[in-house]
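Asks: Start from the sequences and build out the full structure, keeping to the hints where you can.
Taking our numbering, I'd label the letters of the sequence shown as residues 1 to 309.
It is worth saying that the hints were derived from the structure and are not from the lab.
Even glycine gets a Cβ: it sits at the ideal position worked out from N, Cα and C.
Just so you know, nobody snuck in bad clues.
Distance condition first, Cα-Cα at most 25 Å in a straight line; then the derived BS3-like pairs of lysine-lysine:
#1 Lys265 x Lys245
#2 Lys193 x Lys173
#3 Lys234 x Lys136
#4 Lys52 x Lys94
#5 Lys136 x Lys155
#6 Lys291 x Lys264
#7 Lys193 x Lys155
#8 Lys291 x Lys281
#9 Lys245 x Lys234
#10 Lys265 x Lys281
#11 Lys245 x Lys264
#12 Lys146 x Lys173
#13 Lys234 x Lys281
#14 Lys146 x Lys136
#15 Lys193 x Lys164
#16 Lys264 x Lys155
#17 Lys173 x Lys136
#18 Lys245 x Lys52
#19 Lys234 x Lys155
#20 Lys94 x Lys69
#21 Lys146 x Lys164
#22 Lys264 x Lys281
#23 Lys245 x Lys281
#24 Lys245 x Lys94
#25 Lys94 x Lys136
#26 Lys94 x Lys234
#27 Lys234 x Lys264
#28 Lys265 x Lys155
Ranges of calculated distance between the beta carbons of each label pair, as one might list FRET restraints:
#29 Pro49 x His81: 18 to 28 Å
#30 Asp186 x Gly26: 49 to 59 Å
#31 Leu293 x Arg89: 33 to 43 Å
#32 Ala178 x Ile275: 43 to 53 Å
#33 Pro60 x Asp289: 33 to 43 Å
#34 Met292 x Gly71: 24 to 34 Å
#35 Leu167 x Pro246: 43 to 53 Å
#36 Thr139 x Gln98: 31 to 41 Å
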Amino acid sequence: MRTTPEGDHLPVLADEILTLLCPTPGKIIVDCTLGAGGHTSLLLPLVVPGGKIFGVDLDPLAHQRLLEKLGAYADSFHFLHGNFAGLDRLLMEKEIFQVDGLLADLGVSSPQIDDPERGFSYMRPGPLDMRMDPTKGQTLAQILEKIDVETLAEKLGEFGDVEKAELIAQDIKDNYLAGMIRNTTDLSHVVGKYSLRKSNQQVFERGGVKPVNVLSQVFQALRILVNRELDNLKSLMRILPFILKPGATVAFISFHSGEDRIVKKNLAALLDQGIFSEVSKEPIRPSYDEKMLNPRSRSAKLRWARKSN
Numbered sequence: 001m002r003t004t005p006e007g008d009h010l011p012v013l014a015d016e017i018l019t020l021l022c023p024t025p026g027k028i029i030v031d032c033t034l035g036a037g038g039h040t041s042l043l044l045p046l047v048v049p050g051g052k053i054f055g056v057d058l059d060p061l062a063h064q065r066l067l068e069k070l071g072a073y074a075d076s077f078h079f080l081h082g083n084f085a086g087l088d089r090l091l092m093e094k095e096i097f098q099v100d101g102l103l104a105d106l107g108v109s110s111p112q113i114d115d116p117e118r119g120f121s122y123m124r125p126g127p128l129d130m131r132m133d134p135t136k137g138q139t140l141a142q143i144l145e146k147i148d149v150e151t152l153a154e155k156l157g158e159f160g161d162v163e164k165a166e167l168i169a170q171d172i173k174d175n176y177l178a179g180m181i182r183n184t185t186d187l188s189h190v191v192g193k194y195s196l197r198k199s200n201q202q203v204f205e206r207g208g209v210k211p212v213n214v215l216s217q218v219f220q221a222l223r224i225l226v227n228r229e230l231d232n233l234k235s236l237m238r239i240l241p242f243i244l245k246p247g248a249t250v251a252f253i254s255f256h257s258g259e260d261r262i263v264k265k266n267l268a269a270l271l272d273q274g275i276f277s278e279v280s281k282e283p284i285r286p287s288y289d290e291k292m293l294n295p296r297s298r299s300a301k302l303r304w305a306r307k308s309n
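Replies: Spelled out as structure tokens, the structure:
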């Protein structure tokens, strides 16, 4: 299992990504979810000379964080600040019309989780924000103010696989309107009581299967809701045929069943249409060793496809 040169970030399924995208000098590859730059830091040295990596991120700070790592390869890296849903436009602005490879790691990046001011983590106090791009869109607080309980419950189930979504949604809405949820700590207190029931705690203490972390599920669902992540993923899938060179490879790492269903369905449809010549039959999962070294990888699924020549 590889790490970045600094060893401070563990990109998920890194060896598998390098094998699939096969970075060689002169290739143009897009990292649709730059984040901490883990995958980009591994790909970039392999496409020079002559190649380029385009890193896309909604977070304007992603570029600043990564520049310090790239060193001599900085001239071959290009940051695209924006949403990958509009990747065709972002590339066109750089006079790039088709690419040799594309990667999308759909999980939230470590720097975003670690920054309490972004509001992504249930383990640290922070504002009710959760926007990937803090300069655009509605905050979580603004959404909770307006959303009805039925819709909130639907999104918790769809985006987080949350059981008892109706009960949790009602609890969140009631407490928010009563002024009892003002930050992520307050939200965690409301949701946390659903996370570990006594019976599950006893099973866990006896060495059984760890119970589902409802806090993690709810925060994930709210993040996806705030950032319209599944809509953006569908938009990216629609433009794939137009931005890939013949023979180009795409790779998607998902962490949630909703994301995986979208990727699987769209790749299969493009295969049926003859746009792709090959699609992964089953998702690639992290090895036992990787899951032990990098707990973030535990729920990861990698699907890939190759465009027809």
